[in-house]
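J.: Chain A is fixed; fit chain Z onto it per the hints.
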Amino acid sequence: MVVLAASVLSKSGKVLVSRQFVDMTRIRIEGLLAAFPKLVGTGKQHTYVETENVRYVYQPIEALYLLLVTNKQSNILEDLETLRLLSKLVPEYCYSLDEEGICKTAFELIFAFDEVICLGHKENVTVAQVKQYCEMESHEEKLHKLVLQSKINETKDVMKRKASEIDKSKIDKNKGDKGGFMSVGSGRIESSFSDMSISSSGSGFGSGSGLGLTTDVDSFSTKSKGRQLSSATAPPKGLGMQLGKSQKTNQFLESLKAEGELIVEDMQPRAGQARVAAAAPTDPITLTAEEKLNVTLKRDGGISNFDVQGTLSLQILNQEDALIQVQIETGGNPGILFKTHPNMNKELFSNENILGLKDPNRPFPTGSAGDAAGVGLLKWRMQSADESMVPLTINCWPSVSGNETYVSIEYEASAMFDLRNVVIYVPLPALREAPNVRQIDGEWRYDSRNSVLEWSILLIDNSNRSGSMEFVVPPADSSVFFPISVRFSATSTYSDLKVVNIIPLRGGGAPPPKFSQRTNLITENYQVV
Amino acid sequence: MLSFSYSQEMEKSCTLLIHFDKGTPAIANEIKEALEGNDVSAKVDAMKKAIMLLLNGETLPQLFITIVRYVLPSEDHTVQKLLLLYLEIIEKTDAKGRVLPEMILICQNLRNNLQHPNEYIRGVTLRFLCRLNETEIIEPLIPSVLQNLEHRHPFIRRNAILAVMSIYKLPQGDQLLVDAPDMIEKVLSTEQDPSAKRNAFLMLFTCAQERATNYLLTHVDRVSEWGELLQMVVLELIRKVCRTNRGEKAKYIKIIIALLNSPSTAVIYECAGTLVSLSSAPSAIKAAANTYCQLLLSQSDNNVKLIVLDRLNELKSSHRDVMVDLIMDVLRALSSPNLDIQRKTLDIVLELITPRNINEVVLLLKKEVVKTQTGELEKNGEYRQMLIQAIHSCAIKFPEVASTVVHLLMDFLGDSNVASAIDVVVFVREIIETNPKLRVSIITRLLDTFYQIRAARVCSCALWIIGEYCLSLSEVESAIATIKQCLGDLPFYSASEEGEATDASKKTPQASSVIISSRRPAVLADGTYATQSAASETAVSPPTIVQGSLASGNLRSLLLTGDFFLGAVVACTLTKLVLRLEEVQPSKVEVNKATTQTLLILVSMLQLGQSHVLPHPIDNDSYDRIVLCMRLLCNTGDEIRKIWLQSCRQSFVKMLSEKQLRETEELKAKAQVSHAQPDDLIDFYHLKSRKGMSQLELEDEVQDDLKRATGEFVKDADDANKLNRILQLTGFSDPVYAEAYVTVHHYDIVLDVTVINRTKETLQNLCLELATMGDLKLVERPQNYTLAPESSKQIKANIKVSSTETGVIFGNIVYETSNVLERTVVVLNDIHIDIMDYISPAVCSDTAFRTMWAEFEWENKVAVNTVIDDEKEFLNHIIKSINMKCLTAPSALEGECGFLAANLYAKSVFGEDALVNLSIEKQADGKLSGYIRIRSKTQGIALSLGDKITLKQKGGS
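In order, the protein sequence lines correspond to chains A and Z.
The first sequence begins at 1 in UniProt numbering and counts up by one.
The second sequence begins at 1 in UniProt numbering and counts up by one.
So here's chain A without its partners, still in its complex pose:
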């Protein structure tokens, strides 16, 4: 007992609406319905037709046929019942029982048919029930909406109250009382933040979004973006004076965590990791040559700033090995100016490229493994306006087409370095969903909180000196995609400084102590603006 389809046909045989309740191909149903008008005899006093495979049960309604297609074993009594119900429903939804009327209300009819027949089985419903089901007036929904509305109103009140409190506290702050600044400040941020998160989620529901949760997150992330960025960039700026501020951001993060927000702290930990990896000395003597790149490229080509700062630091684990001199070799880059530590013997360095203390009897300071920095022996700096010196150039082409913005980005790495762990951060406009990445060399990740698309390439070497990526986002101004910042590391440096030998100053012909050497080029601030 299965109804295959319920259809409305015009008397001339045109199929106006048909709803199928079991799987059948279009060809099949169209064939069945096309055969029907030919099979309907005139002057018959019954309203069913049987063919080899199916049975048609129909009812003429003015200029139309209301038709059920069933299998032949179907229970005729039940089908007639269904047909009767449908024939009562059709006039309920169609004001004029002709082709035009049916076409106009085709979808309403389909909805109604759906309520009467479920997967081919008849439902026990009445006309009134079907109408009720189709109207979809839900008491519960109304209740739900009322509750929501009242919640929104409540939070609005709270927000107002808090806002006035904030204003008050601002006035208090201006009055002075520097000692209390820290605690008051952080507290204020916390409270206002939680307010915001509640109100934004409330408005998310109020604006009728079906995606309550994601809008919530979105609005939250835009609010928090600024702070997050500052927290991420704060540490490298320096020590000492910045301490208070970093403490403040930490506190802020803590409060966020306490509120149950997941904080993405990937920027900070990763930078840290790189350093930790570099500073895990196991050899008695470790020499680290590190160059930091501060590069600002213009988005339409050219360099606005190119600055390399290098340091050579020495780390000695044991006091016994501290009386040494270090023989180095530089690449002979004329643009690089070396500066030794004030305690160093400058002459020895300029003549023989040996780094030793002015006082040969003084040992180098030693430090434990935990102290990452070591002792700085040598500093150097290089500045240039030569584009060929730039290790990685980024080319970003946003173009608006239709109502989408296509962004193509390509990078080109110079042959000087093999770059590792390259991550290119492209800021995006606030998006609901991840951008649609059409093509990419490498991998991508979308950080929705910061609205940043991260394009990471594990290693750029001779095999992939250039690469590209393309993604599509909703229309946005092209300036949104800048500044693009880049992070990478490399194991060779501009200075090409190498430690050739360690010369022990004590112990005569004793073999030189073992040492390890690390060379690192890292980005400190590498941006395309």
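Hint data in this document are derived by calculation from the structure and do not stem from the laboratory.
These numbers come from a predicted model, not from an experiment.
Be careful, since some hints might not be right.
Below, simulated SDA-like cross-link-like pairs (lysine to any residue); rule was C-alpha separation at most 20 Å, straight line [to be verified]:
1) A:Lys-104 with Z:Leu-53
2) Z:Lys-937 with A:Val-40
3) A:Lys-38 with Z:Phe-910
4) A:Lys-44 with Z:Ser-300
5) Z:Lys-169 with A:Lys-131
6) Z:Lys-344 with A:Leu-39
7) A:Lys-142 with Z:Asp-76
8) A:Lys-131 with Z:Asp-76
T.: Just chain Z, lined up with the frame of chain A:
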């Protein structure tokens, strides 16, 4: 609506169709704008348009993201429902059947809908899930679906159960929802809503049959209290269980018997069906049949009655012995005024007649016949005819009843309904031969009632009976007297009236024109043509020429309408009677007297025929026949006498016996069909392929029934046959080579086109454009393909056929190459669709054939032109080449006489009739000549068949 569909859509199921008005094409951009806007009603309209476009074959890929962004968040219920429809019909997988990645975007929305505070939104979303096949989309939604199983609102629960069922039924559904049967069983035990309960039981039934039977058996006592819907599923379950495991049925019979008392007629009907499928025990069958009979009486709906009669008919053929006892119950259905019902009832009853019940049945039939006389219903005539035919066949089977009915029936000889009167007279003719005991009484009665007969055809038949079966002196004499009386006073017109004849002919111009127009050639039973006058049949009295004598006789008035065929029959009858009189009348004087009187009558008839009183003069046939009779009467001889008095009757006897023989042969053939041959193949259900359905497949008839209905069974054509049908569409030197093979299904033609790029360039936007002529329609629009150098592509095109006609499909292949910007066109060879694929031989009765022949408007006349010089061989050749059935009995085609006439009949799959009449004659030079006439309701068949015959008739090869 010219459109195409190609291979991928082939297998896709189609859930809705909506008529699409081409007049208002919606543009994708407008839809998009409306969808992005905030106006809800505009959004609803745009969604509707988008769905219509999709249904019409557009793909609208760019719309998806817009819909995800702007429609998904909408709060409006209608928008949400339309969105579900949209999701239902869009392509959710790529060419390889993998789910498109962007589909994941809708999951969140579906999940929200499943947790929506509005119960109806939840319900419709669950219902949508029932139609979803992509497990990747469903998987994340499962927890929400399961939550809904326990929702307070029954509307949600019932749909949630169905959703669970559909998910579980998916290919890997049992892994997605491992414990679904458990859960549903729990639900079932607590559920109160009848519809939800039904769905739960249905779920168990389809997914975990054992649990369903367990549940059923533990609640046996309460089954009768369950809801109607649930009871229906219970019955379905019982049927299924018992089909697979016959031994179980004992447990269930009780349930069925309990359900037989259900208040719902649908359940009762279903019960009866189940009972029949379960058991062949006489009492079970009897119970089922009784139930059907009750429904037959209690239901006023004609549809129900007819279908119940169908069921009874099935029972009759499988369990005749049981049904015999119920014959009177079935007969009660005759009280319905619907002719179809009455006919079906009589058909069933006639096959159930036994010596024991014949009297009862005939009594009832007689009563019904009498009733038709009093009733005022318009269909009475036809009904009476049916009854008479029924009684006729009763009487043939059981000659003893003939005596009880024949007299009653003879009252209807004068019936204004010609058809039933003819039936009666034919019946009488047969009875009088087969039942010699009744002869005397029938003749007496016939002579008594002869004057009432109004129809010429009835008259001629009655006259024949009189001529043949009046044996004794008194009979012959009274017969002659009766005929004379019916002819009235001679002459048929007086000389004085002849003077008025010119006047009369002036008076009757319109009448004569009426008569002329209604004269038409008719096909006789042997297929020859005869001219008959329709006017005489309806017994319309023409403006009388001999006024005063009108009341005197029916024969006279008929003759005066110009029916000289009847005149010839009268002449023959009288001649026969006089010849017989010579044998039985000792007095020569009396014989001579009768002879002269007869001669006078014959002469007057001839005179009438040659006079100008009548619009038509006598036809040559009748003239010759009357003259022959006159010669005979003047010059009798033994030879002639033997022919006239005996041979005629002998041929009649021969005809009767042949008819009987044919019937018994048919019965035998029928009986043989049902038996399996000893060397028949045995099919193992588990090994069945979809090829070659046979015997054992009937086992799971319900499922098969459904599959057949949805078109899942496709005939796997012979591969070799396929190759025979390959058509080359383009030349070998064309840049694109294409060939197609054409598969003709029931209502559609599938073109499988192989396209091969023969160039070294990539062809872009290659498109197979088809157009049709005739009653063919293409489904959906063509798609563009890119064809790599020297690669090939299979394209499928579906064409819908709506009537039997030779159709032609034209087409071309259009493509672009990369360096040439303009499009190149390769025109394809035409594809002719053969009408023969749609025609199959069929049988219809002679009368039906003749009515159709008279009704149908289109005739195509093909002159015979063939090298075949044997009539029968030619007939067989035609039958074979146009695939029709010869209706003319083989015995009528026997013998060599140089003439052959036969009727052929066939029906198309669309239910159209095709009639062919073949009339040929062997010329003196040994060649065949004649005509083949084709008649049909539509021009297409007549023309196409004519073409076919012209093409094939030559023969020889």
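J.: Holds or violated: Lys-104 of chain A and Leu-53 of chain Z, Cα atoms, limit 20 Å.
T.: holds, 15 Å
J.: Keeping to a limit of 20 Å between CA atoms, is the pair of Lys-44 of chain A and Ser-300 of chain Z held or broken?
T.: holds, 15 Å
J.: Under the criterion that the straight-line Cα-Cα distance not exceed 20 Å, is the pair Lys-142 of chain A, Asp-76 of chain Z satisfied?
T.: At roughly 13 Å apart (the allowed maximum being 20 Å), Asp-76 of chain Z and Lys-142 of chain A satisfy the hint.
J.: Given the hint that Lys-937 of chain Z pairs with Val-40 of chain A, test it: the Cα-Cα distance must not exceed 20 Å.
T.: holds, 16 Å
J.: Is it true that the CA of Lys-344 of chain Z sits at most 20 Å from the CA of Leu-39 of chain A?
T.: holds, 19 Å
J.: Does Lys-131 of chain A pair with Asp-76 of chain Z here, judged by a C-alpha cut-off of 20 Å?
T.: holds, 17 Å
J.: What's the verdict on Lys-38 of chain A and Phe-910 of chain Z, does the C-alpha distance respect the 20 Å limit or exceed it?
T.: holds, 7 Å
J.: Below or equal to 20 Å on CA atoms is what counts here, so check Lys-169 of chain Z against Lys-131 of chain A.
T.: violated, 31 Å
Taken one by one, the earlier hints fail for this structure only at number 5.
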